[in-house]
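Enquirer: Here is how the chains run, residue by residue.
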Amino acid sequence: MKTKSNRHKPIALRTQLPKCPTGIQGLDEITGGGLPRGRPTLVCGGAGCGKTLLAAEFLVRGATQFGEPGVFLSFEETEAELKANVASLGFDLANLVRRKKIMLDYVHIERSEFQENGEYDLEGLFVRLGHAIDSTGAQRVVLDTLEVLFASLPNEAILRAELRRLFRWLKEKGVTAVITAERGREQLTRHGLEEYVSDCVILLDHRVNDQIATRHLRVVKYRGALHGTNEFPFLIGNDGIGVLPITSLSLSHMASSERIATGIPRLDAMLGGKGFFRGSSILLTGTPGTGKTIISANFAQAAARRGERVLFFSFEESPDQIIRNMNSIGLRLDPLVKRGLLRFHSARPSLYGLEMHLATLFKEIAAFKPQVVIIDPITSLMDSGTDSEGKGMVTRLVDYLKGSQITSLFTSLTQGGHTLQTSECAMSSLMDAWVLLQDFEGNGERNRVLYVLKARGMAHSNQIREFLISDRGIDVVDAYIGVSGVLTGSARVAQGDLEKAAVLASQQEAAQLKREAERKRGALERQISVLRADYETEALELRRIAEQVGTRTFVLGAERAASGRLRQADIKVAASTHGRRRNGH
Amino acid sequence: MKTKLLKPRSTSKPRPPAKLWQLRLYVVDSTPKSQAALKNLKQFCETHLKGIYRITVIDLLKQPQLARGDQILATPTVVRRLPKPVRTIIGSLSNFEHLLVGLDLRPAV
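Residue numbers (my numbering), protein chains in the order written: chain A, 1 to 585; chain U, 1001 to 1109.
Because the hints were derived from the structure by calculation, they are not lab data.
It is possible that part of the hints are untrue.
Chain A stretches covered by chain U per the calculated footprint, using a threshold of three residues with CB under 8 Å from any CB of chain U [to be verified]: (1) 108 to 120; (2) 123 to 129.
Below are the DSBU-like pairs computed for lysine-lysine, each with C-alpha atoms no more than 35 Å apart in a straight line [stated by the list, open to error]: (3) K83(A) with K1084(U); (4) K1033(U) with K173(A); (5) K1050(U) with K1039(U).
Positions of the beta carbon are idealized from the N, C-alpha and C atoms, including for glycine.
Chain U extracted, bound-state conformation (with noise of 0.2 Å):
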C-alpha cells in the first residue's frame, strides 16, 4: 500500500514521514469496554493517522492460541506492530493525549 505523507495536526513538533502503522487491537468478544476500544482507537486513527493505518481486530474468544503471541494479559490491548518499536495499550483508550504519547506520536512531557 502507498504510504502518505501527512502533516500532524497536533501542535507538537513535526514528526518524520512515517510508514503504514499496523495495530492489532485485542479484544475478547464485544463488551462494552471492546466496542468503546475499537471506536476510541477509530476515531484516534482517522484523527491522526489517516490514511496510513490498518487495525486488526483479534477476538480472543474465537483465535485464544494468539493472545500467546502478543503476551496479551489484559484486554483490550492494541499492539503497535508497525513502526518498531513495539508499543503495547492496555485499556478503552478513552484518553487521547496519553495516547498520543503512548504511540510515540508526542513525546512525553
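Isolated chain A, as found in the complex (with noise of 0.2 Å):
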C-alpha cells in the first residue's frame, strides 16, 4: 500500500526511502513527501523556535490524517501543559488521548530527586516507551526534549551508550522518530545528538530582522532523498505549522491560453484585442494617482461580472473607501459584494509582519476560491519586510497564485518620476504582464498615459494611450506624439484643434486650386473657340476670293474670244504672234 500511493507522487522515485508524511503544509513539499518512515528524525533549533509545536503537529497530524497513532514522550512539559499550549493551534489533543489515537507521556526526573549508586541503564524508559508504543499501535514517536537527561543523569557515558541504544531500538521498532533538541552553539545540537540521529535532520531558527521576526526552517541533512536545501519561512498560525517554500522545487504550472477582458475594451484593443490570459500575474506599477486603484476596481468588477469570484486586497483604503470612490466614477461595486461575487480584505501592512501577511493572504484564498487576486498595492506590503523577504514573498505568492491557475493583479506603487525601479524590476520577473502608468506634466498641467510594458505570450501594442478618468468611467485615448513628445490633456487637444485647421487649410487650398484650373480650362476653350471662328471667317473669306478669281478668268477670256470673233482676226495669225514674242526674247 505504501509503496503504491508512493509510486503515485511524481517526485518520489521507485529507489527512494518509504516517507512519512507530517501533513504540515509546505514540510512535505520541501523534503518530497515527509520524514524518513520508520527512522528517527532530528529537530533541533533554539528556544521558542516551534520544535515542540512542529513535533505534536506531526503526531496530530499522524493521527487525525493519517490514521497512524502516536506517542509524545515529553521530558519538559506535563500533559496538561502540552494540551493546553498545542490547543491554541486549533488541536485537541485531549480528545486525541481520549481516543487513545495519542498517548502523552511525561517523563519528569529531577537531578536533586535521586542519587546514583552503581551500574544501571535505561531500561526503564525503553519499557515504557515500549509499552506506550504497543498499547496505542503507535507508528509515530515524539521525544521532547531528550536532552533534559543531560542535565538530570550526571554519568554521560551510560546516557550516551544508551542513547544509541535508543536510536537502535527506535529503527528496530520501525516507529518514524521526531527527536528535538536545543540548538548548540558550534554544533546543531548542545550535547551532538546529532551524531546519533543521521536520517534527517531539521534545523529551525528565529532571526530578527529590521525589528520583525521570522521564523526559518532548513533540512539540513536528509539521507537518501532529495530536498531543498534552501532556509524556508514558516509560521505559526492559529491553524498550526505552515512553511512556506520560497519557490516550490517545480516550475510547472499550467499555462491557460484562456483570455479576460480587463473591462477597459481599449486596454483589451492594446492586449492582442482580448484581454489578458487566464491565470497570468498582472503587475501595475505608478507613481501616486496615475489611477492604480481605479483599473483594479475596473478588473474586479469585469471579472465579478463574468461571475467570477473576486479577493480585493487593499492595504491602503478600507472596503468602504474604495466602494465609495469608485461610485464616484461611476462603477458600483456593492451589488457585486453583496452577491459575494467581490470581497474586500483590508489590513494595514505594519499590522503584523510579512509572514503573517501572507499566512493570512493564503488562508483567505484557500477560503474563498477566487478565480482572480487583487493586492492593492504590494509594495506597502513588501515594505513591512526587508527586501528580500519581500521578494521572497512575492515569489512565493505568485507562484501560489498560478498554481492555483488564480488571475492576480498587483499593484506597485513607484515614488517620484522613476518608474522603473529596482525592485520592481526584481518583481517584473515573475510577472507575466506589466502595465505602466505615468503621469505627464506640462503645459500646465498633469495627464495620466498608460502602456503595456510587457505581455507575455501575446501581440501587444507598442503605443503610449492617455486615459481618462471621468464620471463615466476610464476612457483610453490616443495620444499625440509632438516634436516635443507625447501631447496629453489640453495640449493634446490642441494639437488636434491644429491638425484639424491645417487639413482645414489644405481642403480649402485645393479646392482654390481646382477651381483656378478650371478657370484657366474655361478661358483656353474660349480663346481656342474664338479662333477657330477668326479661322472659319477667314477661310470663307478666301474661298470667296478664289470663286471671284475663277470667275473673272472665265469672264475675261470669253470676253476676248468674243472681240476676237467680232474683228474677224486669224487665230493663226494670234497664235504665231505669240510664239515670236517668246523667241524674241
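Both chains are sitting in their own frames, so use the hints and assemble them into the complex.
Expert: As C-alpha cells, this is what we get:
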C-alpha cells in the first residue's frame, strides 16, 4: 500500500526511501513527501522556535489525517501543559488522548531527587516507551526534549551509550520518530545528538531582522532523498505550522490560453484585442494618483460581472472607501459585494509581519477560492519586511496563485519620477504582464498615460495611450506624439485642433486650385473657340476670293474670244504672234 | 505490622526511631544488574533496617504501566516510598556508604 501510494507521487522515485507524510503545510513539499519512515528525525533549534509544536503537529496530523497513532514522550512539559499549548493551534489533544490515538507521557526526572549508585541503564525508559507504543499501536513517536536527560543523569557515558541503543531500538520498532534538541553553540545540538540521528536533521531558527521576527526552517540533512536545502520561512498560525517554500521545487504550473477582458475595451485592444491570459500575473505600476486602484477596480468589476469570484486585498483603503471612491466614477461595486462575487480584505501593512500577512492571504484565498486576486498595493506590503523577504514573499505568492490558476493583479506604487525601480525589476521577472501608468506634466497640467511594458505570449501594442477618468469611468484615448514628446490633455486637444485647422486649410487650398484650373480651362476653351471662329471667317473669305478670281478669268477669256470674232482676226496669226514674242526674248 | 526499634549499627549519630520502610525495586527482567541490585538491597536492609523493611520488586517487563507512576527511567531503581520524603536511587546499589546517605540513614558529609 505504502509503496503504491508512493509510486503515485510524481517526485518519488521507486528507489527512494519510504516517506512518512507530516501533513504540515509545506514541509512535505520540501522533503519530497515527508520524514523518513521508520527512522528517527532530529529537529533542533533555539528556544521558542517551535520545535515542540512541530513535533506535536506531526503526531496530531498523523493521528487525524493518516490514521497513524502516536506517542509523545515529553521531558519538559507536563501533559496538561502540552494539551493547553497545542490547543492554541486548534488541536484537540485531549480528545485524541481519550480516543487512544495519541498517548502522552511526561517523563519527569529531577536531578536533586535521586542518587546514583552503581551500574544502571535506561531500560526503564525503553519499557515505558515500548509499552506506550504497543498499547496505542503507535507508528509515530516524539521525544521532546531528550537533552533534559543530560542535565538529570550525571553519568554521561551511560547516557550516550543508552541513547545510541535507543535510536537503534526505535529503528527496530519501525516507528517514525521525531527527536527535538536545543541548538548548540558550535554544533547543531547542545549535546551532539546529531551523531545518533543521521537520517534526517531539520533546523529551526528564529531571527529578528529590522525588528521583524521570522522563523525559518532548513532541512540540513536527509539521507537518501532529494530535498530543498534552502531556508524556508515558516509560521505558527492558528491552524498549525505552515512552511512557505520560497519557490516550489518544480516550475510546472499549467498555462491557460483563455483570455479575460480587463473591463477597459481599449486596454483589451492593446493586449492583442482580448485582454490578459487567465491565471497570469499582472503588475500595474504607477506613481501616486495615476489610477492604479481604479484600473484594478475595473478589472475586478469585469471579472465579477462574468460571474467569477474576486478577492480584493487592500492595504491602503478600507472597503467602504474603495466602494465610495469607485462610485464617484460610475463604478458600482456594492452590488457585486452583496452577490458574494467580490470580497474585500483590508489590513494595515504594519499590523503584523510579512509572514503573517502572507499566511492571511493564503488563508483567505483558500477559503474564498477566487478566480481573480487583486493586491493593492503589493509595495506597501513588501515594505513591512526586508527587501529580500519582500521579494521572497511575492515569489511565493505568485507561485501559489499560478499554481491554483488564479489571475492576479498587483499594483505597485513607485515614488517620484522613476517608474522603473530596481525592486520592480526584480518583481517584474515574475510577472507575465506589466502595465505602466505614468503622469505627464506640462502645459500647466498633469495627465495620465498608460502603456503595456510587457505581455508574455501575446502581441501587444507598443503605443502610449492617454487615459481619462471621468464620472463615466475610464476612457483610453490615443495620445499625440509631437515634436516635444507625447502630448496629452489640453496640449493633445490643441494639437488636435491644430491638425484639424491644417486639414481644413489644405482642403480650402485644394478647392482653390481646382477652381483656378477650371477657370484656366474655361479661358483656354474660350480662346480656342475665338481662334476657330477667326479661322473659319478667313477660310470663308479665301474661298470667296478664289471664286471671284475664277469667275473673272472666265469672263475675261470669253470677252477676248468674242472681240476676236468681232474683228475677224486669224487665229493662226494670233497664235504666231504669241510665239514670236517668246523667241525674241 | 509492628515496628521494632533498632539501634543503628553504624558509627554515626543515632537516628530517630523509624517506622516501616517501604522500598520498591524496579527492574527489567532478571538481568545480572537487577539481580545484583536485589542482592545488594536485601543485604543492605538486613544490615541497617533489619525487621522494619519491606521490599517490593517490580519487573517492568511484566508491568510496564507501573513505570509511569514512579517516573522510572533508569533501571534498576529503588524508590523509598516510606518514610517520606520519597527517595530514589538508581543503579545496582554496589556502594553501601553512598546508599546510607542516599536513604537518609546518614547525613551527607
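Enquirer: What's the verdict on K1033(U) and K173(A), does the C-alpha distance respect the 35 Å limit or exceed it?
Expert: holds, 24 Å
Enquirer: Under the criterion that the straight-line Cα-Cα distance not exceed 35 Å, is the pair K83(A), K1084(U) satisfied?
Expert: holds, 31 Å
Enquirer: Taking 8 Å as the C-beta cutoff, is the stated coverage of the stretch 108 to 120 of chain A by chain U satisfied by three or more residues?
Expert: Held - the stretch 108 to 120 of chain A has 10 residues with a Cβ nearer than 8 Å to chain U, which meets the minimum of three.
Enquirer: K1050(U) and K1039(U) were given as a pair; does the straight-line alpha-carbon distance stay at or below 35 Å?
Expert: Holds: K1050(U) and K1039(U) sit about 15 Å apart, inside 35 Å.
Enquirer: Closer than 8 Å, Cβ to Cβ, for at least three residues: run that test on the stretch 123 to 129 of chain A against chain U and report holds or violated.
Expert: holds (count 6)
Violated hints are absent here; each numbered hint is respected by the structure.
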